[in-house]
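Top line first, the protein sequences correspond to chains A and B.
If you want the working numbering, it's the 1-based position in the first sequence plus 11.
If you want the working numbering, it's the 1-based position in the second sequence plus 11.
Since the hints were made in silico from the structure, they are not lab data.
Watch out, some of these pointers could steer you wrong.
A pair holds if it fits inside one copy or across any two, identical chains being indistinguishable in the list.
Pairs of lysine to aspartate or glutamate, EDC-like flavour, derived with a Cα cap of 16 Å [stated by the list, open to error]:
no., residue 1, residue 2
1, Lys164, Asp204
2, Lys238, Glu262
3, Lys167, Asp204
4, Lys171, Asp92
5, Lys73, Asp97
6, Lys233, Asp83
7, Lys250, Glu196
8, Lys167, Glu151
9, Lys35, Asp135
There are 2 protein chains.
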Amino acid sequence: MNDLKRCVLIGAGNVATHMGKALKNSGVDIVQVYSRTFDHAHILAEVLDADPVNTLEAITTKADIFIMAVKDDVLASIANDLNLNDSLCVHTAGSIEMDVLESMSANHGVFYPLQTFSKQRNVDFSRVPLLIQGSNIDVETKLLHLGRGLSNKVIKADSKQRKAVHLAAVFACNFVNHMFTISDEILRENQMDFSILYSLIQETVDKAVNMSPVNAQTGPAKRNDRKVMDAHLEAIHKKSGIEEIYATISEHIYKYYIEKR
Amino acid sequence: MNDLKRCVLIGAGNVATHMGKALKNSGVDIVQVYSRTFDHAHILAEVLDADPVNTLEAITTKADIFIMAVKDDVLASIANDLNLNDSLCVHTAGSIEMDVLESMSANHGVFYPLQTFSKQRNVDFSRVPLLIQGSNIDVETKLLHLGRGLSNKVIKADSKQRKAVHLAAVFACNFVNHMFTISDEILRENQMDFSILYSLIQETVDKAVNMSPVNAQTGPAKRNDRKVMDAHLEAIHKKSGIEEIYATISEHIYKYYIEKR
Numbered sequence: 012m013n014d015l016k017r018c019v020l021i022g023a024g025n026v027a028t029h030m031g032k033a034l035k036n037s038g039v040d041i042v043q044v045y046s047r048t049f050d051h052a053h054i055l056a057e058v059l060d061a062d063p064v065n066t067l068e069a070i071t072t073k074a075d076i077f078i079m080a081v082k083d084d085v086l087a088s089i090a091n092d093l094n095l096n097d098s099l100c101v102h103t104a105g106s107i108e109m110d111v112l113e114s115m116s117a118n119h120g121v122f123y124p125l126q127t128f129s130k131q132r133n134v135d136f137s138r139v140p141l142l143i144q145g146s147n148i149d150v151e152t153k154l155l156h157l158g159r160g161l162s163n164k165v166i167k168a169d170s171k172q173r174k175a176v177h178l179a180a181v182f183a184c185n186f187v188n189h190m191f192t193i194s195d196e197i198l199r200e201n202q203m204d205f206s207i208l209y210s211l212i213q214e215t216v217d218k219a220v221n222m223s224p225v226n227a228q229t230g231p232a233k234r235n236d237r238k239v240m241d242a243h244l245e246a247i248h249k250k251s252g253i254e255e256i257y258a259t260i261s262e263h264i265y266k267y268y269i270e271k272r
Numbered sequence: 012m013n014d015l016k017r018c019v020l021i022g023a024g025n026v027a028t029h030m031g032k033a034l035k036n037s038g039v040d041i042v043q044v045y046s047r048t049f050d051h052a053h054i055l056a057e058v059l060d061a062d063p064v065n066t067l068e069a070i071t072t073k074a075d076i077f078i079m080a081v082k083d084d085v086l087a088s089i090a091n092d093l094n095l096n097d098s099l100c101v102h103t104a105g106s107i108e109m110d111v112l113e114s115m116s117a118n119h120g121v122f123y124p125l126q127t128f129s130k131q132r133n134v135d136f137s138r139v140p141l142l143i144q145g146s147n148i149d150v151e152t153k154l155l156h157l158g159r160g161l162s163n164k165v166i167k168a169d170s171k172q173r174k175a176v177h178l179a180a181v182f183a184c185n186f187v188n189h190m191f192t193i194s195d196e197i198l199r200e201n202q203m204d205f206s207i208l209y210s211l212i213q214e215t216v217d218k219a220v221n222m223s224p225v226n227a228q229t230g231p232a233k234r235n236d237r238k239v240m241d242a243h244l245e246a247i248h249k250k251s252g253i254e255e256i257y258a259t260i261s262e263h264i265y266k267y268y269i270e271k272r
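So that you can see chain A by itself, here it is in the shape it has in the complex (with noise of 0.2 Å):
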């Protein structure tokens, strides 16, 4: 049983957006949305049924969830202004302790949608993992009642944990997508087209998915083939930056499998 009926959601951003409509789905009715711009709160108020606001002053009390999806410098400061007396309120950041909650209410936790949200593109929302933290059991067992509503994957972390969940997804989305744009520019000064590699970056997600990505390492830098490499980082020598990426990276790669040659 879902106990939270009434949601306010602080924030109108991609996270607030795709949080929105989700809960929405589930049944949970967004009371109102609000946001600093009110032309921004307005658009995702339109969207979910709900009022927009854009003064911590009109923020209803009438809720039984108050869930903050704001930037993370934002959120230290609405939680310094906006006491919720004993309510729920949650924040949606990876990166940021349950604690900086503490001052609005004592009722207070985490859920944290792991998942790179863009507004033009749809999101699966029963396919992303939730990452509950709750102040106190009440808390932490509403909050898996929410997200089960919502996700297929909902799962209790603690701050440190969810910093190195955070941490962990720096690696494998925006620095594996680092990788994809250096690669479609070597691709464009070549005349070829970066969806050549769409077959092979798709054999790799599945071979790290079904094979764990430790046992399937390839290339010259496992093998520790100097002269691919060398013929590599002399290919991109005046590329400013990459040659040292290419060089970090492949360092580490031979090292990290040496004992297993």
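Model the placement of chain B on the given structure of chain A, informed by the hints.
Okay, now just chain B, sitting in the frame of chain A:
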């Protein structure tokens, strides 16, 4: 029309295995499999209904194409020792010049499958891009026909382009997999499982494919969020080499998008 009916496969590793199977499926007769190690030749030959041989002298001259799928250094030594008169011979290596085969035959070329192969995983060869190069138009035409029987994506590429693709693939496959390995390690150290990232990783790939990677970049480095980056560096400062990777890639991302912020 494919004139290349009879094929000798030189090599019995991952590439030879997957390509041999694909060739056989497309109707090509694999007459011999060569490997220095007779057992290796024997195992693959049995799968392909071919004769196993382990000396260069035993290689037949009665074949339409000789495909060399061996390690880079072995390739050069076989090219030195084997003379095929004017028979068509190709190698399958991304980073090697076509000319290495010049002494074997005037009719030589490259038949490079862009994929990461593992013995234990089946590959849908129809989706593997094949990069083709020939020492003359006749060779190129024959290789294009042969390739189209195996793959839906057959592309003419000169040695410079093929090397660029190989380099791009190191970033998009080898380095990406190493990012996954680091993520996996960080998660395991915090009693979390790599599978928590699957949905995020798939979305990262889908975004790169659909939006192009340069438009899909997110994360603390892009938005120059030094607070988050410093916390991440603090969390990994004892992990050998990983701190350097984090700093190098983050700095490059930051500079890459500095004008776009």
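*Could you tell me which of the numbered hints above are not met by this structure, giving the numbers in increasing order?*
Number 4 only.
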